[in-house]
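Chemist: So the chains spell out like this:
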Amino acid sequence: AQKITQTQPGMFVQEKEAVTLDCTYDTSDQSYGLFWYKQPSSGEMIFLIYQGSYDEQNATEGRYSLNFQKARKSANLVISASQLGDSAMYFCAMRETINTGTASKLTFGTGTRLQVTL
Amino acid sequence: NAGVTQTPKFQVLKTGQSMTLQCAQDMNHNSMYWYRQDPGMGLRLIYYSASEGTTDKGEVPNGYNVSRLNKREFSLRLESAAPSQTSVYFCASSEWHLEMGGYTFGSGTRLTVV
Chain A
1 AQKITQTQPG
11 MFVQEKEAVT
21 LDCTYDTSDQ
31 SYGLFWYKQP
41 SSGEMIFLIY
51 QGSYDEQNAT
61 EGRYSLNFQK
71 ARKSANLVIS
81 ASQLGDSAMY
91 FCAMRETINT
101 GTASKLTFGT
111 GTRLQVTL
Chain B
1 NAGVTQTPKF
11 QVLKTGQSMT
21 LQCAQDMNHN
31 SMYWYRQDPG
41 MGLRLIYYSA
51 SEGTTDKGEV
61 PNGYNVSRLN
71 KREFSLRLES
81 AAPSQTSVYF
91 CASSEWHLEM
101 GGYTFGSGTR
111 LTVV
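From first to last, the protein sequence lines are chains A and B.
Residues 1 to 118 (my numbering) are what the first sequence spells out, left to right.
Residues 1 to 114 (my numbering) are what the second sequence spells out, left to right.
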């Protein structure tokens with residue numbers, strides 16, 4: 001079974017600084033995908049960034065980048081130039097193939113609560 | 001452009017009562033999912049439907065049943081609610097070939113069982 005581990009229950013970062021949120025995963029699949037979601041206090045799940053297991057370059061989306069180290073099975077999220085609006089819960093998730101490759105499901109980590117301070 | 005719509009948004013039940021959480025998507029996705037979110041535990045998969053006509057248990061299915069009514073709708077039923085089912089419930093849908101942006105979540109249902 002796939003497993004996602006986020007070891008940081010909470011993190012603080014000063015505004016305008018960069019922060020790294022850790023995520024490690026465990027899978028025996030060769031093909032998989034890694035996601036990061038943001039959940040603000042309002043509760044909705046907001047997709048941030050995606051990395052496929054065969055992608056050779058690290059994914060980037062604006063201020064978000066994913067530091068993908070396949071051999072170490074880690075997929076850390078880096079947020080550059082933190083803003084007050086980045087304060088939220090962040091979840092790492094992995095896509096697992098099911099039904100002989102015709103469907104998939106997500107397994108989530110327990111999340112990291114990020115607080116951006118002035 | 002609704003995406004995934006969940007109803008209701010909030011619900012309070014008494015122990016032993018039953019209720020059905022409704023979910024509908026308008027993106028023509030094949031797969032649909034029900035997750036629950038509890039503090040410190042992330043989102044855990046309750047049931048999923050890989051395609052219309054199929055449903056399967058996820059990580060925490062006990063106490064729940066599901067129905068994939070058609071391609072658009074996937075409902076979650078609590079037959080006899082228990083305080084342990086107090087949680088936030090999310091419905092999601094996906095399409096296999098849409099890897100990156102392929103998962104869309106509803107806004108959640110906050111359920112309290114007293």
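These are computed hints drawn from the structure, not numbers from a lab.
Even for Gly, the Cβ is constructed at its ideal location relative to N, Cα and C.
Check before you lean on any hint, since a few could be wrong.
Not everything, but these chain A residues come out facing chain B in the computed CB check (under 8 Å) [claimed, not checked]: (1) Asp29; (2) Gln30; (3) Tyr32; (4) Ser41; (5) Met45; (6) Leu48; (7) Ile98; (8) Thr102; (9) Ala103; (10) Lys105; (11) Phe108; (12) Gly109; (13) Gly111; (14) Gln115.
From chain A, some residues computed to sit far from chain B (all C-beta separations above 10 Å) [claimed, not checked]: (15) Thr7; (16) Gly43; (17) Asn67.
Here are a few chain A residues that sit away from chain B, every Cβ distance over 12 Å (derived from the structure) [stated by the list, open to error]: (18) Gln14; (19) Thr24; (20) Ser28; (21) Gln69; (22) Leu84; (23) Arg95; (24) Thr107.
Chemist: If a hint holds in the structure, say so; if it doesn't, say that too.
Modeler: Checked hints:
1. Taken as an interface hint, aspartate 29 of chain A does not check out: its beta carbon lies about 14 Å from the nearest beta carbon of chain B, beyond 8 Å.
2. Because the smallest distance between the Cβ of glutamine 30 of chain A and any Cβ of chain B comes to about 15 Å, over 8 Å, the interface hint for this residue is violated.
3. Because the smallest distance between the Cβ of tyrosine 32 of chain A and any Cβ of chain B comes to about 10 Å, over 8 Å, the interface hint for this residue is violated.
4. Contact between serine 41 of chain A and chain B, as hinted, is not supported at the beta carbon level, the nearest pair being about 12 Å apart and thus beyond 8 Å.
5. A distance limit of 8 Å between C-beta atoms decides the matter here; for methionine 45 of chain A the minimum to chain B is near 4 Å, and the interface restraint holds.
6. The closest approach between the C-beta of leucine 48 of chain A and any C-beta of chain B is roughly 11 Å, which is over the 8 Å cut-off, so the hint fails.
7. Against a cut-off of 8 Å between C-beta atoms, the interface hint on isoleucine 98 of chain A holds, since the closest Cβ of chain B lies about 6 Å away.
8. The closest approach between the C-beta of threonine 102 of chain A and any C-beta of chain B is roughly 6 Å, which is under the 8 Å cut-off, so the hint is satisfied.
9. Below 8 Å, beta-carbon pairs count as interface contacts, and alanine 103 of chain A has one with chain B at about 4 Å; its hint therefore holds.
10. The beta carbon of lysine 105 of chain A comes within 6 Å of a beta carbon in chain B, closer than 8 Å, and the hint placing it at the interface holds.
11. With a least beta-carbon distance of about 4 Å to chain B, the hint placing phenylalanine 108 of chain A at the interface is held under the 8 Å criterion.
12. With its C-beta approaching chain B no nearer than about 6 Å, glycine 109 of chain A sits inside the 8 Å limit, and its interface hint holds.
13. Because the closest C-beta pair between glycine 111 of chain A and chain B is about 5 Å apart, less than 8 Å, the hint holds.
14. At its closest, the beta carbon of glutamine 115 of chain A sits 16 Å from a beta carbon of chain B; the interface hint therefore is violated under the 8 Å criterion.
15. For threonine 7 of chain A, the requirement that its beta carbon stay farther than 10 Å from each beta carbon of chain B is met, with the minimum near 13 Å.
16. At roughly 5 Å from the closest C-beta of chain B, the C-beta of glycine 43 of chain A falls inside 10 Å, breaking its exclusion from the interface.
17. Residue-level check passed: asparagine 67 of chain A sits 18 Å from the nearest beta carbon of chain B, beyond 10 Å.
18. Look at glutamine 14 of chain A: its CB is around 26 Å from the nearest CB on chain B, clear of 12 Å, so calling it non-interface holds up.
19. Separation of threonine 24 of chain A from chain B is adequate, the least Cβ-Cβ distance of about 14 Å exceeding the 12 Å criterion.
20. For serine 28 of chain A, the shortest C-beta to C-beta distance to chain B comes to about 18 Å, beyond the 12 Å cut-off, and the non-interface label holds.
21. The claim that glutamine 69 of chain A lies off the interface holds: its Cβ sits roughly 20 Å from the closest Cβ of chain B, which is beyond the 12 Å cut-off.
22. Interface exclusion of leucine 84 of chain A from chain B stands, the closest Cβ pair being 23 Å apart, more than 12 Å.
23. At the 12 Å boundary, the C-beta of arginine 95 of chain A falls inside the reach of chain B, the nearest C-beta of that chain being 7 Å off.
24. Chain B draws threonine 107 of chain A into its interface by the beta-carbon criterion, the shortest separation being 7 Å against a cut-off of 12 Å.
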